[in-house]
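Each protein sequence line maps, in turn, to chains F, U and S. Be aware that the first sequence starts at 2, since it is given in the working numbering, and climbs by one per residue. Be aware that the second sequence starts at 2, since it is given in the working numbering, and climbs by one per residue. Be aware that the third sequence starts at 2, since it is given in the working numbering, and climbs by one per residue.
Just so you know, these hints were derived from the structure itself, not from any lab. Among the hints, a few may not be true.
Taking lysine-lysine and the DSSO-like style, the derived pairs with C-alpha atoms no more than 30 Å apart in a straight line are [stated by the list, open to error]:
# : chain 1 : residue 1 : chain 2 : residue 2
1 : F       : K114      : U       : K35
2 : S       : K35       : U       : K114
3 : F       : K114      : U       : K33
4 : U       : K114      : S       : K114
5 : F       : K33       : S       : K33
6 : S       : K114      : F       : K33
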Amino acid sequence: MLDEVVGLGAVTMLGVLEQAYFSLQVIHARRKYKVSPPSTSGPPEFERIFRAQANCSEYFPIFITILWTSGVFFSPGLSSVCGLLYLYGRLRYFWGYAESAQGRLAPLYFSAKVLWVLIGFSAVGVFLTFCRVYLDVDLLQQLGSALF
Amino acid sequence: MLDEVVGLGAVTMLGVLEQAYFSLQVIHARRKYKVSPPSTSGPPEFERIFRAQANCSEYFPIFITILWTSGVFFSPGLSSVCGLLYLYGRLRYFWGYAESAQGRLAPLYFSAKVLWVLIGFSAVGVFLTFCRVYLDVDLLQQLGSALF
Amino acid sequence: MLDEVVGLGAVTMLGVLEQAYFSLQVIHARRKYKVSPPSTSGPPEFERIFRAQANCSEYFPIFITILWTSGVFFSPGLSSVCGLLYLYGRLRYFWGYAESAQGRLAPLYFSAKVLWVLIGFSAVGVFLTFCRVYLDVDLLQQLGSALF
Chain F
2 MLDEVVGLGA VTMLGVLEQA YFSLQVIHAR RKYKVSPPST SGPPEFERIF RAQANCSEYF
62 PIFITILWTS GVFFSPGLSS VCGLLYLYGR LRYFWGYAES AQGRLAPLYF SAKVLWVLIG
122 FSAVGVFLTF CRVYLDVDLL QQLGSALF
Chain U
2 MLDEVVGLGA VTMLGVLEQA YFSLQVIHAR RKYKVSPPST SGPPEFERIF RAQANCSEYF
62 PIFITILWTS GVFFSPGLSS VCGLLYLYGR LRYFWGYAES AQGRLAPLYF SAKVLWVLIG
122 FSAVGVFLTF CRVYLDVDLL QQLGSALF
Chain S
2 MLDEVVGLGA VTMLGVLEQA YFSLQVIHAR RKYKVSPPST SGPPEFERIF RAQANCSEYF
62 PIFITILWTS GVFFSPGLSS VCGLLYLYGR LRYFWGYAES AQGRLAPLYF SAKVLWVLIG
122 FSAVGVFLTF CRVYLDVDLL QQLGSALF
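Whenever a hint applies, use it, and build me the whole structure from the sequences.
Here is the structure:
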C-alpha cells in the first residue's frame, strides 16, 4: 500500500514546502513594505503577494484532498503527475500575481484545469469502485472483454 | 480496505464539487456586482456570497479530516451518511446567506451539529482502538458479553 | 494498519477540538465586543482573537497533511508527539495573541519549528521509501550493516 502511494507522498511534501515558501514571501513582503500584522492592507505590491498566498492556501486542502482521492481510487501515478503540474502552475501563479494582477490569470486557469482533471479521475475511480463493491460489476474488465 | 471507504471517497468528491460550485458562484457575483480582485468589498449582496464561500472553505479541511477519522476508526457507513447531511446543510447555508444574513443561521447550526456528531464518532472510535491496541481490552466485545 | 496510526487519529481529533474551541472563542468575542457578521473589524481585542483563529485555521490543513505524511512514511509515534507539541504551541499562541500582538511571537516560532521537524521527518520517510521501491535499496538496512 505504502509503496504504491509514495509518489503521492512526495507531491504532498512538495506542496507543503511550496506553501512554506509562499508564507515566507509574505513575511518578506511585510518587512519590505512595512505592513505589520494584524494589518493586511498596504501598497498594491504587498496586497498582490498577500492575496496570492491567501488564494493558494484556500485551495491547498482541496488540492490535497482530490490528489489523494484520485490517487487512491483511480491511479497514483497519473495523479502524482497532475499534482506536480498543479504545484508548478501555482508557483507560476504566485510569481505572476506578484508582478501584476493580469499576470495571475494564465497560470490560474492552468491550475484550475489540472484540478478538474483530478476531479474527473476521482469521479471515474469512485464510480468504478462503487460498481465493483455494490453491484459486483467490474466495468473495466467488461470493457476489456468487449474490446478484445 | 478500499472497498470499505468507497462511500467516504464519494462524499469527499461531492464535497470538492460543492466547493467548486461555491467558488464559481463568487466569480459570477464578482462579475454581476463589478467587484474586481483583489478587492473583497462591495454591495451587501456580494459580501454575503463572498463570506458564505469563505466560511465554507474554512470548514472544508475540518470536515474532511473528521469525516475520515470517524469513517476509518468508527464506521464508514454512518460517517458517509453524516457527510452527506453536512454537505446538504452547507448548500442550504450558502443559499440562505446569499439571500439574507438571517437566512444562514438555521442551516449553520444544523451543519455544526452534524460536525459534532462526527467528532463524537471519532472520539469513540479512537478511544476503542486505543483500548484494544494498548490495553488489550476489546470494550465492544466485553459490552456484548455483558449484555447477552 | 489502523493499530499503528491510532496515535495520529487521537492527535487529529484533538486538533479538530482545538479548532472548535478557537471558533467558539471568536463567537464569544463577537458577542462581547458587539461585532456582527459579516463584519470582521472592531476593537483591537476583537481583531487579535479573530486573526489568531484565522491564522490557526490557515495552518490546520498543512498541519494535518504533514502530520499524516510524516506518520505514515516515517514514524507514527514520533509524529504524534510532534503533533501534540504543535497543538500545545497553537494553544499558547492563541492565548498569547488574545493578550497582545507581541505575545503571539514566541509560541508562533515554536509551532513553526515543530512543523519543520515534521516536514523533515516526511522528507526522510518519503526519500527512504522511494529508494526502497524504485531503486530497490534499503538505506536503513545498509546503514545498520555499515555501523555494526
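Tell me, in ascending order, the numbers of any earlier hints that this structure violates.
4, 5
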